[in-house]
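Residue numbers (our numbering), protein chains in the order written: chain A, 1 to 101; chain B, 1001 to 1101.
Bear in mind the hints are in silico, worked out from the structure with no lab data behind them. On a predicted model such as this, the values are computed, not experimentally measured, just so you know. Hints should not be assumed to be uniformly reliable.
[To be verified] Calculated lysine-lysine pairs in the DSS-like style (CA-CA distance at most 25 angstroms, straight line): (1) A/K29 - A/K55; (2) B/K1098 - B/K1072; (3) B/K1029 - B/K1072; (4) A/K29 - A/K98; (5) B/K1029 - A/K29; (6) B/K1064 - B/K1047; (7) B/K1047 - B/K1072; (8) A/K72 - A/K47; (9) A/K47 - A/K84; (10) B/K1098 - A/K84; (11) A/K84 - B/K1064; (12) B/K1072 - A/K98.
[Unchecked claim] Listed next, the stretches of chain B that the computed footprint assigns to chain A, with coverage defined by at least 3 CB atoms under 8 angstroms from CB atoms of chain A: (13) 1026-1039; (14) 1043-1049; (15) 1058-1064.
[Claimed, not checked] Quick partial rundown of chain B residues pointing at chain A, CB under 7 angstroms, derived from the structure: (16) I1009; (17) T1022; (18) H1052; (19) F1088; (20) K1098.
The beta carbon of each residue, even a glycine, is placed where N, CA and C say it ideally should be.
Given next are the chains, with one letter for each unit.
There are 2 protein chains.
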Amino acid sequence: MWYPEREDITIYGILAALSDPTRLEIVRKLAQNEEQCPFDFLDIASKQNLSHHFKVLREAGLVKSRYEGRNKFIWLRRDIIDEKFPGFLDGLLNAVEKSES
Amino acid sequence: MWYPEREDITIYGILAALSDPTRLEIVRKLAQNEEQCPFDFLDIASKQNLSHHFKVLREAGLVKSRYEGRNKFIWLRRDIIDEKFPGFLDGLLNAVEKSES
């Protein structure tokens, strides 16, 4: 599976990936946990749509995944995002939360 | 000229509008000043391209403009963006600045 390298992750790609309601919701959920199974997101979108959204998030550099036996685990690449664009993700997630309250 | 109302401005529209390098650059420049003339952005894009980008930014709710005689002035709708999505714009602009240093 292809993942962008640190230097290929751009703020433009990240902004575009997050400009979709479903993907922003996925990232908000991922931000609350270490890692999660794809099943955990079936309340947000169908299995097929999730595959598409995870692909877009992965190609933007926002998520990574690993297999443990037959189980898949997905996590937010917080380390690299926070290092490259310090404060961006927290600023966005806080703003979205406040805008809903 | 059409401007979205406060309640029609979404974080998705804002993220999509800012996912373009030229538009993000325009917004960074606007964030440094009260208001500016379109001419001030000719180092970023051509007149024709600027028209398009200002339209996208306007429709996302990010900018407004006014005429004073024959002069046009454009400004960032910081009041409404900061009120709806507190901390988002500062977080993004800071992160972009840090990522370049």
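Checked hints:
1. Between A/K29 and A/K55 the alpha-carbon distance is near 16 angstroms, which keeps this suggested pair within the 25 angstroms criterion.
2. For the hint pairing B/K1098 with B/K1072, the CA-to-CA distance comes to about 32 angstroms; that exceeds 25 angstroms, so the pair is violated.
3. Of the pairs offered as hints, the one joining B/K1029 and B/K1072 holds, with about 16 angstroms between alpha carbons and a cut-off of 25 angstroms not exceeded.
4. The hinted pair formed by A/K29 and A/K98 meets the criterion: a straight-line CA distance of about 16 angstroms does not exceed 25 angstroms.
5. A hinted pair counts as satisfied when its Cα atoms are at most 25 angstroms apart, and B/K1029 with A/K29 does not qualify at roughly 33 angstroms.
6. For the hint pairing B/K1064 with B/K1047, the CA-to-CA distance comes to about 18 angstroms; that is within 25 angstroms, so the pair holds.
7. Distance check on the hinted pair: B/K1047 and B/K1072 sit about 13 angstroms apart at the alpha-carbon level, within 25 angstroms; holds.
8. Simply put, A/K72 and A/K47 have alpha-carbon atoms about 13 angstroms apart, close enough for the 25 angstroms limit, and the pair holds.
9. In summary, the hint linking A/K47 to A/K84 is not supported, as the alpha carbons are separated by about 31 angstroms, beyond the 25 angstroms threshold.
10. Taking the CA atoms of B/K1098 and A/K84, the gap is near 8 angstroms; set against the 25 angstroms cutoff, the hint holds.
11. Our distance criterion of 25 angstroms between C-alpha atoms is broken by A/K84 and B/K1064, whose separation comes to about 31 angstroms.
12. Only pairs whose Cα atoms come within 25 angstroms are accepted, and B/K1072 paired with A/K98 is rejected, the gap being roughly 34 angstroms.
13. With 0 residues having a Cβ less than 8 angstroms from any Cβ of chain A, the segment 1026-1039 of chain B misses the three-residue criterion, and the hint is violated.
14. Remark: the segment 1043-1049 of chain B is not confirmed as covered by chain A, as 0 of its residues place a Cβ nearer than 8 angstroms to a Cβ of that chain, below the required three.
15. Counting residues of the segment 1058-1064 of chain B whose beta carbon lies closer than 8 angstroms to any beta carbon of chain A gives 0, which falls short of the minimum of three for the stated coverage.
16. With 7 angstroms as the threshold, the beta carbon of B/I1009 stays out of range of chain A, its nearest partner Cβ sitting at about 10 angstroms, so the hint is violated.
17. For B/T1022, the interface hint is violated, since its Cβ never comes within 7 angstroms of a Cβ in chain A; the closest pair sits about 10 angstroms apart.
18. Here the hint on B/H1052 is broken, as its CB sits about 17 angstroms from the closest CB of chain A, past 7 angstroms.
19. About 4 angstroms separates the beta-carbon of B/F1088 from the nearest beta-carbon of chain A, less than 7 angstroms, and the hint is met.
20. Because the smallest distance between the Cβ of B/K1098 and any Cβ of chain A comes to about 5 angstroms, under 7 angstroms, the interface hint for this residue holds.
The structure does not agree with the numbered hints 2, 5, 9, 11, 12, 13, 14, 15, 16, 17 and 18 stated previously, though it agrees with the rest.
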